Amino acid sequence: MKVRKFITIAAVSLALTVAGSSAFAGKVKLVGSGASFPYPIYSTWFSQFSKANSGIQVNYQSKGSGAGIRDFLNGVVDFAASDAAMKEEEMAKVKDGVQLLPMTAGEVVLAYNLKGVKDLKLSRKAYTGIFLGKVKTWNDPLIADANPGMKLPATPITVVARADSSGTTYVLTKHLSAISPEFAEKVGVAKQPSWPTDINMIKSPKNAGVNASIKRATGAIGYTEYAYARMAKLNMVSLENKEGSYVAPGLTGGQAALANVEIPENMIAWVSDPAGKDSYPIATYTWMIFHKKYADAGKARVLRKMVNYCLDNGQAIADQMGYIPLPANVIAQVKVAAENIK
Amino acid sequence: MAAENREESILPHAETLAAPPTTVDKIFDKCFRTLTLVFTWATVLLLAFIVFRIGGQALPAIKEYGLGLLVSSDWDVNNNQFGIWPQIWGTLYSSLLALVLGGFFGITIAIFLTQDFLPHKLEIILKNIVELLAAIPSVVYGLWGIYVLIPILQPTADKLHSSFGWFPLFSTSFSGFGMFSAALVLSIMILPTIAAISQDALRAVPGKTKEAAFGMGTTRWEAILRVILPTASGGISGALVLGLGRALGETMALAMLVGNSATVSLSLFSPASTLAALLALNFPEADLNQTGVLMYAACTLLLITLVVNMLGTLIISTTTTKGGER
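As you go down the protein sequences, you meet chains L and D in turn.
So in the working numbering, spot 266 of the first sequence is number 510, and the numbers just go up one at a time.
So in the working numbering, spot 34 of the second sequence is number 57, and the numbers just go up one at a time.
Hints listed in this document are in silico derivations from the structure and should not be mistaken for laboratory results.
All values derive from a computational prediction rather than experimental measurement.
All C-beta atoms in this analysis are idealised placements derived from N, C-alpha and C, irrespective of residue type, glycine included.
Some hints could be false.
[As the list claims (entries may be wrong)] Here are a few chain L residues that face chain D, going by a calculated C-beta distance under 7 Å:
1. 303
2. 331
3. 398
4. 430
5. 434
6. 443
7. 446
8. 449
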């Protein structure tokens, strides 16, 4: 009896395995990994793309920009994604060349948790002061000056930063270094900077972890990606931009910021301190990274198809997900560059 | 019917029970022995292999940074400066705090559930509920800490800091993330381990010992505290050591709650960092040089756990021989 039962089970499972593998045979599976910053929109794009094209599966893991680049260099993934683009020496390691394509853009926001305080504004001096550990309490005159009539408590400021190496941190420190020579000298641009030691700081893993910490810690301020902050319903700061006006994070501020940036040939453009009265000051493109030459021409074709899908159909949902749609001229540029993927 | 069948089946086969093992039995026995032997050695080899690989990858970092890494507190990836003293401190401090709290409550629960305070059925239900705590994933503990525990702790912590700020344990303001919340969650996580093993140890105390104590005229509490607990002390210290081992290696819940700031402070309210959290947070993006340093940190954690376990075994062996002599 037992033996017969066993044989039946074995036969059924064998049949299932065979059926399963034959079903997979017609499929193209793309694997990517990298930045967590654009993960919400990428995962939506990829699932819609798979639905629209049966037989194509895209598996994207949000491990972090650095991990994505390493996977790409090790040949573990078909494409990578990074908020910090790619270093020259990393690009040099890729045989047959590498093609970076900006796919969407986002804003890095400062979010805070302070009872009874809404619509906070921070001047450039105030927020660089906070990240240098010089502005230590919420009633600091530098904060009060930009917020006349607001009742600010004497609560100590707890700064929430990323515990892991992160593209979001890179974008923030790039902006802070661009506007403050002191920050550039003391901290500098890095994915995992060494923050001043006298700062009252807690560190949390990933965008989601930073959000949870800001939400929970009293008197906290931290930096996070706009889409994540909006999802977590955090209070966000309006920041003083290059022209001295205060701009809240959102679509209009982001589009204004991107409109002032030219994309060069290698497709790596930084928006570290955009000009323009309506520009939100901390915005960035985020890139997908491809080989210029794939051994499997079919795969390259599917990858090009995916890029075009994200550019044509994907941009429409960018705003609703908290990202900035690419300007029309940039989309045209990216489409031309995407032809390099072969 | 069934009873008759059984009788029939036992009697005629009674002779065969005493028969010498057949060749099949022998082969089966031999295979089984070999298999268990192979698996036992495989476990040992696996551990050796893990230590070898971690040690091998840590070697360049050990050569470059030496023992200085253990006492330095700079962590600057961009200038290749590393130090893990705050993490070592945080690991030991959080684990000890958790051990004190979790140990106290774990042993209390064990006494309550084994010394006939409750009807037997209720005891079993409660025992299972406590053991269920061990099945909750670490991440869930972390989230629970963030969304439930911190808001509860916040008012108390604020009061303690404003009234007793001069006392080293309360000397910094509490943002919610730090040693206090981390150690509390950690103590809940090690509670089921300590409670379960302590219960086994207390149950193993012979009933006669207890009766003898009562016979000498002790009260119930005297019997528990002076006779039963000391007799079970070997098993209970084993429980504490296992609990401490779990606390030292706990990663995710701590990474979410401890604040991950390289601070060395006695204050319960200060953010801190632990070795396991450092490893988990930095590995995904580490370059080759940093990987070496992280492996070095992993070796340190391994060594700390080893020393703790050895000390624990030593304590158990000394206390149990004492018990035997008595």
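Cross-check of the supplied hints:
At a threshold of 7 Å, the smallest CB-CB gap from residue 303 of chain L to chain D is about 17 Å, leaving the interface hint violated. A hinted interface residue such as residue 331 of chain L counts as satisfied when its beta carbon comes closer than 7 Å to some beta carbon of chain D; here the least separation is about 11 Å, so the hint is violated. Hint status for residue 398 of chain L: violated, given a least beta-carbon distance of 11 Å to chain D, over 7 Å. A distance limit of 7 Å between C-beta atoms decides the matter here; for residue 430 of chain L the minimum to chain D is near 12 Å, and the interface restraint is violated.
The beta carbon of residue 434 of chain L comes within 5 Å of a beta carbon in chain D, closer than 7 Å, and the hint placing it at the interface holds. Here the hint on residue 443 of chain L is broken, as its CB sits about 9 Å from the closest CB of chain D, past 7 Å. Taking 7 Å as the C-beta contact cut-off toward chain D, the hint placing residue 446 of chain L at the interface holds, the least distance being around 4 Å. For residue 449 of chain L, the shortest C-beta to C-beta distance to chain D is roughly 5 Å, which falls under 7 Å, so the interface hint holds.
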